[in-house]
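Colleague: The chain contents come next:
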Amino acid sequence: MQKISVLLFLAWVCFLFYAGIALFTSGFLLTRLELTNHSTCQEPPGPGSLPWGSQGEPRACWMASRFSRVVLVLIDALRFDFAQPQHSHMPGEPPVSLPFLGKLGSLQRILETQPHHARLYRSQVDPPTTTMQRLKALTTGSLPTFIDAGSNFATHAIVEDNLIKQLTSAGRRVVFMGDDTWKDLFPGAFSQAFFFPSFNVRDLHTVDNGILEHLYPTMDSGEWDVLIAHFLGVDHCGHKHGPNHPEMAKKLSQMDQVIQGLVERVENDTLLVVAGDHGMTMNGDHGGDSELEVSAALFLYSPTALFPSSAPPEEPEVIPQVSLVPTLALLLGLPIPFGNIGEVMAELFSGGEDSQPHSSALAQATALHLNAQQVSRFLHTYSAATQDLQAKELHQLQNLFSKASADYQWFLQSPREAEATLWTVIAELQQFLRGARAMCIESWARFSLVRMVGGAALLAAACFLCLLASQWATSPGFPFRPLLLIPVAWGLAGVIVYAGLLATIGLKLDPVLLGAVAAMSSFPPFLWKAWVGWGSKRPLATLLPFPGSVLLLLLFRLAAFFSDSFVVAEARATPFLLGSFILLLLAQLHWEGQLLPPKLLTVPRLGSSSSACLPRHSGAYALRLGVGLLLCTRLAGLFHRCPEETPACHSSPWLSPLASMVGGRAKNLWYGACVGALVALLAAVRLWLRRYGNLKSPEPPMLFVRWGLPLMALGTAAYWALASGADEAPPRLRALVAGASVVLPRAVAGLAVSGVVLLLWKPVTVLVKAGTGAPRTRTVLTPFSGPPTTQADLNYVVPQIYRHMQEEFRGRLEKTKPEGPLTVAAYQLGSVYSAAMVTALTLLAFPLLLLHAERISLVFLLLFLQSFLLLHLLAAGIPITTPGPFTVPWQAVLAWALMATQTFYSTGHQPVFPAIHWHAAFVGFPEGHGSSTWLPALLVGANTFASHLLFAVGCPLLLLWPFLCESQGQRKRRQPPGNEAEARVRPEEEEEPLMEMRLRDAPHHFNAALLQLGLKYLFVLGIQILACTLAASILRRHLMVWKVFAPKFIFEALGFIVSSVGLLLGIALVMRVDGAVSSWFRQLVLAQQR
Amino acid sequence: MKDNDIKRLLYTHLLCVFSIILSVFIPSFFLENFSILETHLTWLCICSGFVTAVNLVLYFVVKPNASYKRSSLSHKVTRFLKCCIYFLMSCFTFHIIFVLYGAPLIELVLETFLFAVILSTFTTIPCLCLLGPNLKAWLRVFSRNGVTSIWENSLQITTISSFVGAWLGALPIPLDWERPWQITIERKCNTCSSCMGLGTITQ
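Respectively, the protein sequence lines represent chains E and H. Converting from the first sequence to this note's numbering requires adding 139 to each position, the first position being numbered 1. Converting from the second sequence to this note's numbering requires adding 20 to each position, the first position being numbered 1.
Rather than coming from a laboratory, the hints here were simulated on the basis of the structure. The model shown is predicted, which means the values in this text are computed figures rather than measured ones. Hints should not be assumed to be uniformly reliable.
Stated by the list, open to error - Some chain E residues near chain H, calculated using beta-carbon distances under 8 Å:
id: 1; residue: 383
id: 2; residue: 711
id: 3; residue: 714
id: 4; residue: 715
id: 5; residue: 718
id: 6; residue: 719
id: 7; residue: 730
id: 8; residue: 731
id: 9; residue: 769
id: 10; residue: 770
id: 11; residue: 773
id: 12; residue: 776
Stated by the list, open to error - Each pair of labels, with its calculated beta carbon distance range:
id: 13; chain 1: H; residue 1: 180; chain 2: E; residue 2: 823; range: 32 to 40 Å
id: 14; chain 1: E; residue 1: 1204; chain 2: H; residue 2: 154; range: 51 to 59 Å
id: 15; chain 1: H; residue 1: 23; chain 2: E; residue 2: 791; range: 55 to 63 Å
id: 16; chain 1: E; residue 1: 727; chain 2: H; residue 2: 99; range: 29 to 37 Å
id: 17; chain 1: E; residue 1: 1204; chain 2: H; residue 2: 155; range: 54 to 62 Å
id: 18; chain 1: H; residue 1: 23; chain 2: E; residue 2: 671; range: 53 to 61 Å
id: 19; chain 1: H; residue 1: 169; chain 2: E; residue 2: 141; range: 52 to 60 Å
id: 20; chain 1: H; residue 1: 155; chain 2: E; residue 2: 788; range: 36 to 44 Å
Glycine included, each C-beta is placed from N, C-alpha and C at the ideal position.
Construct the entire structure; sequences and hints are all you get.
Modeller: Written out as structure tokens, the structure is:
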């Protein structure tokens, strides 16, 4: 019962943190309000006559249409420099030859031969640079906000006014082919559509070949007004190979042929638009806002002259990407979408090369004026709906607009005015449009301060509670059950009162606020209880239990969250802190005199009374552990992925999958190394289990470890072989390879799941040979007759049975092996908890390993080695307090959390969105997932937070390991002379350490220690997320907030959730083992009674 | 006796700090284009040389520890050689520790090694002067209750603060303020010396 209340208490604390995180998130990551208003043809955007609309042309709305048809070719991730013309080089300069440069030769040819018919622009994209956000922007002309980035693969129909909606309501036939993201965004909008699956980024050709199959026939058939073709090959090639791969050159050449073919086919009334929706980074990823990601190419071409006769600019002009929306709308004779904030590209309205300068300027001014009217109308409507926009700036903009509008009207009434005034009108209108856009960009990152402060306060309170409870938990009078029940009851009461209040007022129920109210109302009873039960008796100084060194390092770590350069450099700072911490631990051990034999430390002046704490390990042993840890940390640091912000840094080439390697021999060597790492991991786990004897147990989990784990390793190795060489497989075997790459990962995952189920079913891995007829030398002394009924009886009788068994076994083993007594490790009960934990961690590690690139397996090997060394080092410094209370020192918890962070980085992750390993979603599902989104999200999440999960599940090892190391320590030294009291109580134990059975002997203290461990770990994680929230809220106007602090906060928050769930699972596993051990003893007692 | 010791201790530390200050100014009279920021490697060498010299002089003048029983020439020579070997060993050990801490293995190897040298001059040479090449005595001094005299106490404090200073010197590295001193590492040494001064004051 106490176990359940420990788990529930931890879950309640987690809930407090979740409520805080949710409240903060709702205030920090605000969304833009989406207006559902629509522009219509009949309703002009502002007062004043429409210039050509009244003339009754068939295809004229706000303006007469210049083109009746448009071909929009969207090439995903067409970065600007992919399309940039390559000028002939200077004689001395060596020509730059990169696979992506100069491959779109037809663009260059057209730009040179027909300068008035075509132009190339560098279109400036607004972040986030994910495809769905870009498609929304390209059709609505608005700015999709940050929060949408999360729902990139669960797209929903656009509710705002957009180009496609305007086209269909004007009766134009829109034909679409390509990326099926459009199907979700515009359901049923197309007169004809050919969708192809977009999610499989490994597939370079399906979408493009599918489009090419339909593109020219559709075009020749003439049954379209707007033709949209969305090619994905370039983007997928970037994701799979990066831009610097020969495959990219092939893909771009293919695109060049497509453009060439289209240019030959377009007719005089048709506009050809070739656009990239975003760019890509050096690695071929996108999503952030680095310069390479936000610069995309935009190319316009028409057989009729588009541009005025003046010479085109030397360098392509930079325009915002959303400018395309109002431009296309007006060119096609459609209303500009209601929410558009883009500015028309005025030069396209100048009327070709032969038009008069005056009329061309007038046409530009007219287009700009319509655009400005529409933006002004939008701003007016928007500011009436919400309070987002800043009133002062809005007022200024309105003044600017009315002045420009008045100037324009005045000019219209006296048309013989000089052309110069017209240009000033144009400049004013452009100034207004740019100002409006800048204001919107700034205002749509507005925060709800109340919620942010509330969330941070809730997190701080939860951290304080963790601190308080972790200090309190090990003291004897900790009331488990009342402490849980009363706050939960108060929380529920708070929820009911709040919900009732809202219901009477009639407001909408917000789940985030509801959770926050529940969390807040459950605080006071806990604090009151704590004050009554504990706080008033002791000074408050005991609340700050940290050793100074831990506090200092924690403060350094927290302060680092407040500087963007430290957040960016965290991948290097964390190993540094970890290394410092290890050396500090060593120095502290030495300082306390635990490393050296006491005779060296006895100083004549002081005498030998000071050396109360005896060395438990030799100095060289601890030093070796420390150096090994440092070495592992350094080696893991070799697998380093650079953040985008540091261009001088080079990512480790070992992070990419083997399939992208070119050299055959190096590939084979690496493959061998990866398989070697796998085998080493397996061998290490087996060796460890054998050393503590658990491998001899005939229980199913150990059988699984013996046979199932090698099978899993084999499956993983085979999958890697297939994945890294899939492209080179002979065509006959393609089907086999494809089938195997589906089956193998699933089989490994299935094996892992079955292993975990076996472990949960029978977690006690003990070799039972009692009752086989060995001569009994002792009888169990029971103060009662009959089977034990109460927990107290059981607690009394269990150690006796255990000791009895121990003697019995020793007798038997001495018969077979006369060379010396073996310790209790041979009986496997001493390591029963750790064995279950280690098995579970290994079972967990294999599927996670499969989700990563092959060479990360080396990091996983290092991870296990590192945590093993750290546990040993920590165990050297933790004294075992025999009857309890057991505590895990803060150093251990902090080092564990630091190591989790370090492993997050060394597995090739960074807390930014472009660095997410999307490949993980295809492990076992090479064809994609169809419409389901939770499974890929789960796979990618498991890949990203693998280290958080592993370390959180393994957290109870911190408590267990010192007991495990007891066997070594006691084998080396004799019983300390000071502990005579204990020696009297347990005379027969001088040789045999009880190891983890000490925990079993004191169940109350065991539970309290688990609770304390959980609370301490949650505190260390929680204080990190608190620092993140504070950094994000204090620096919310910082230049880097969306680039560094917000992603960091999101990753930390998700990592916290994963870690807390993992922690609960780990503690639950220990408790399950504990329960199984109890029932095992009970059965044994019953058997003896019979 | 104790007051006398404290006075001598104060003078020795003042001399050490003074020698570091001198090492900043004196070379500019002899060397062209000398400045701490640009020719930091030269400065590191000179600084470590100065500190070593001052320490040796102080050792011979002040003689903080009791005289030895055997003082034959061969014994002195072996003792001196042993000291040299210890010093070199400490340099290499520090170098390895820096690399393990994340310093690049191949690039900047000279900087890293010079930094190891200067950290050894701040830590190992006082130890060698005071305690001699006796590893057990070192281990004793750097543990709780291991200090016997005020000299050892001061040694303990200055050495530990040198390490802390070197550690603190690593903190500004990730900042992207693009100051020239960031690429150099003498920031660390400055902190070292200031920490040494601080250690003196707290005596």
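Colleague: Against this structure, judge whether each hint is valid.
Modeller: Hints, one by one, checked against the model:
no., hint, in the structure
1, 383, "violated, 23 Å"
2, 711, "holds, 6 Å"
3, 714, "holds, 6 Å"
4, 715, "holds, 6 Å"
5, 718, "holds, 5 Å"
6, 719, "holds, 6 Å"
7, 730, "holds, 5 Å"
8, 731, "holds, 6 Å"
9, 769, "holds, 4 Å"
10, 770, "holds, 6 Å"
11, 773, "holds, 5 Å"
12, 776, "holds, 6 Å"
13, H/180 <-> E/823: 32 to 40 Å, "holds, 37 Å"
14, E/1204 <-> H/154: 51 to 59 Å, "holds, 53 Å"
15, H/23 <-> E/791: 55 to 63 Å, "holds, 60 Å"
16, E/727 <-> H/99: 29 to 37 Å, "holds, 32 Å"
17, E/1204 <-> H/155: 54 to 62 Å, "violated, 48 Å"
18, H/23 <-> E/671: 53 to 61 Å, "holds, 55 Å"
19, H/169 <-> E/141: 52 to 60 Å, "holds, 55 Å"
20, H/155 <-> E/788: 36 to 44 Å, "holds, 40 Å"
The structure fails hints 1 and 17 (numbered hints given earlier, in ascending order).
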